[in-house]
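Enquirer: Below are the chains, spelled out letter by letter.
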Amino acid sequence: MDLNIVVAGEAGQGLQTLNEIMSKAFFHMGFEVYSSKDYMSRIRGGHNFMQIRIADEEISSPRRDIDILLALNEESVEIHRDELMPSGVILREGEEGEGEDDGMISLPAGEMASEINPRAANTVFLGAVWKLLDLSTDELEKVIRKRFRDTDVQEDNITLLQQGYEAVEPGFDISTPEDVDEERLLLDGNQAVGLGAAVSGVKFYSAYPMTPSTGVLNFLASRQKQLGIAVEQAEDELAAINMALGASFAGVRAMTGTSGGGFSLMAEGYGLAGIMETPVVIAEVQRPGPATGLPTRTEQADLSFVINAHQGEFPLKVIAPRTAGEAFYETVRAFDLAEKYQIPVVLLYDQFLADTKQVTEEFDLENIELKRHLISEEEWPEDEEYSRYEMTESGISPRAYPGQLEDEVVLQDSDEHDEKGFIIEDADKREEIVDKRMRKLKKMKREDLTEPEYVGPEKPDYLLVGWGSTYGPLHEARWNLDENGHSVGLLSFSDVWPLPTAELEKNRCYSTELVVVENNATGQLASLIEAESGHDVDYRLLKYNGRPFTAQEIYSRMKEEVIV
Amino acid sequence: MLDESIYEPDRETAWCPGCGNFPLRTALATALAELEIKPSQVAMFTGIGQAAKMPHYLRVNGFNGLHGRALPPAIGFRMANPELEVIVESGDGDTYGEGGNHLLHNIRRNPHLAHFVHNNQIYGLTKGQASPTTGTDIKTGVQPRGVTAEPFNPIEFAVGMNASFVARSFVGNRDHLVEMMKEAIEHRGYALLDILQPCVTFNKVNTYQWYSERTYELEEDYNPEDREAAFARAQEWGEKIPIGVIYRNEKPIFRDSFPQLPDEMQVEPDPPEEYRELMEEFK
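Here the protein sequences come in this chain order: A and B. Residue numbering for the first sequence follows this note's numbering, starting at 153 and increasing by one per position. Residue numbering for the second sequence follows this note's numbering, starting at 5 and increasing by one per position.
Hints should not be assumed to be uniformly reliable.
Below, simulated BS3-like cross-link-like pairs (lysine-lysine); rule was C-alpha separation at most 30 Å, straight line [said to hold, decoys possible]:
| id | chain 1 | residue 1 | chain 2 | residue 2 |
| --- | --- | --- | --- | --- |
| 1 | B | 287 | A | 298 |
| 2 | A | 283 | B | 186 |
| 3 | B | 131 | A | 572 |
| 4 | B | 287 | A | 294 |
| 5 | A | 572 | A | 594 |
| 6 | A | 581 | B | 131 |
| 7 | A | 523 | B | 131 |
| 8 | A | 594 | A | 581 |
| 9 | B | 186 | A | 572 |
| 10 | B | 244 | B | 42 |
| 11 | A | 377 | B | 255 |
| 12 | A | 523 | A | 588 |
| 13 | B | 244 | B | 208 |
For the record, the hints were derived by calculation from the structure and aren't laboratory data.
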């Protein structure tokens, strides 16, 4: 069983609410759920749609063809009609029986709701969808009751739900999962990052609102009281990153988040974190650029930028989580690595991962160990003055925060400096301090590099390679190719800088064709692989129309452009 | 009173002989000593410029950050650490030029910190270009026909923004400067202290003598809580320049709007298990 439900209409018509209620209800019933958003950069009007894919087996990609189209306006019917499966159904607002000849089911939801609660008209369609699928409305009712506080509103919605349910006939034969796994979560990438930051003990988050990163800001801001932390909307991204660095200097965990445009402004603060050796975690949630680009769409075109967005040289880390579940754990790891190496760590993901709700196993909180990597008593002999940038073999200088060591002061500088943080211009000293910082990179490469995950046969004919959010669609596409007798492996990167190359070496047999799949126009990971590993990439399957890949699309492009 | 030498205000500097930064540094050491604030209890945030080198030339905790960005890290620090004294220092170019937007928004926030602006009406470190406070018609290498933009009036701006504490002093009046610094540090909220100082190398107009002849201390019966009076004094410039606390407006500080924050730094994170409830929102 694998169903794709699309809810389409204008911004402001309540699509998001419908999506959230349906996704949660299906999830509570035990289905696998995968719901993604396609929306325009506007508050009212335009054309937006939400896809909710449900299945009884693991799913990790959006699907293009539609089983049920819930069209909240006529334009949606026109736009999505071609994607409807032969067995598909269109549910729309209209007089009963209207459009029946065209295979459409029309319900006068507005009229039905007018006397009960005009604001709850969409709930008529929820009831109709449930009846089409011939499902019990118990869980759906529970979700609705939980969502609306006012009991009258709850009852109005339940009444309209039942009216919608009664108005149509079952059209699909699906079975409700028998066992419901209680230890699962349904969340999107931004929520996973926000939760990861909270669990890591973030005490300060500053950001300037920018789609599609605002979800992290919303998540933490709305829970700051409960968490006992401070979340501040900065006047610009320059302030956002500098505020986070000030909080980090104070000795707490601090983070900022933005998209590519805002990250352009953060570039100077990024370098400041590098030379000052001040830990900071930055969420860079990509959208198509340059400049304003496509604000609400997805792309993976900031990889080269994020690795190189600074003058001068210093160690940094870029992690591209591949799923919502991984985004949580990688956020926890990002804080750890930022403090262990005293560097900026970027969580690089995109609108697709940020806004897509995925099912994941509940997080293993018990086994998360948090370390602050601050100076210990033994590391500070009391007869010596504290040196913030002490020269050490590992390059990591014991880090103290102001006020931590009695009567000692901590000096950090954006100018080149000596062990104590004082400005220097001395040639030898300059080399010494650069070497110290760069030794941290060597240690990080040795100890803290996650190789990409490999799935597939031992010596595949084709090796699909991707990074970050394309993992889900690639995973499903590889499986389908495998099912159809093709020898295809998948190598998907989450650590992208420094780039781990050992697993690539292992799976790059002479007869294997390297196929890099990326949501950008030039193949930035492909170029990085060529530069870092010396291997040529044979094919670049690229997509840069602002929309994510689907598994079907990768499958057919493999057949058309690669396997032929 | 503490011994001033603990701040080591005699460290070697890159300042020109006769620079207004010298008396400013010793005044700050005196102010801190009189307030009995130890070097380890001060966190100083600076941007870039000759003034911004202060944490190298005085023993305190220091964050010598980016040009124009002295305020944002101070805010982040203040939110994390409610205990240390936070002092922001930078020049007129850094504060009123590159950092103008941060100045505006931090007056709105009213964080508890003292902001000392070394205002010499010129860019020193980049060798003599006009700053936002340089007077019109003054000629520089970059403005050979004279500055045409009207000078920024920080005092009037801050009063206009209803800042919590707005003051001006002059490095040539040491006792006054020490007093203003102490008041600014002790003020609960954002305290802007614009400090007039000559640039002996690049500003041949606004010299010690120029300032000495024009500055006058506010009268004892001057009421800094009267905003209209503050506006009138803020507009005085030229023949007569008032120094002193020009405007004072006690109001809640930034941290007051975050009652969930503890009274002391929270360094050790809570065990992850304590976030179970938060995770279960997604069940």
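Enquirer: Hints first: check each against the structure and report whether it holds.
Expert: Status of the hints after comparison with the structure:
no.	hint	result
1	B:287 to A:298	holds (13 Å)
2	A:283 to B:186	violated (74 Å)
3	B:131 to A:572	holds (28 Å)
4	B:287 to A:294	holds (13 Å)
5	A:572 to A:594	holds (23 Å)
6	A:581 to B:131	holds (27 Å)
7	A:523 to B:131	violated (47 Å)
8	A:594 to A:581	holds (20 Å)
9	B:186 to A:572	holds (28 Å)
10	B:244 to B:42	violated (37 Å)
11	A:377 to B:255	holds (22 Å)
12	A:523 to A:588	holds (23 Å)
13	B:244 to B:208	holds (19 Å)
In terms of the numbered hints stated before, the structure departs from hints 2, 7, 10, listed from lowest to highest.
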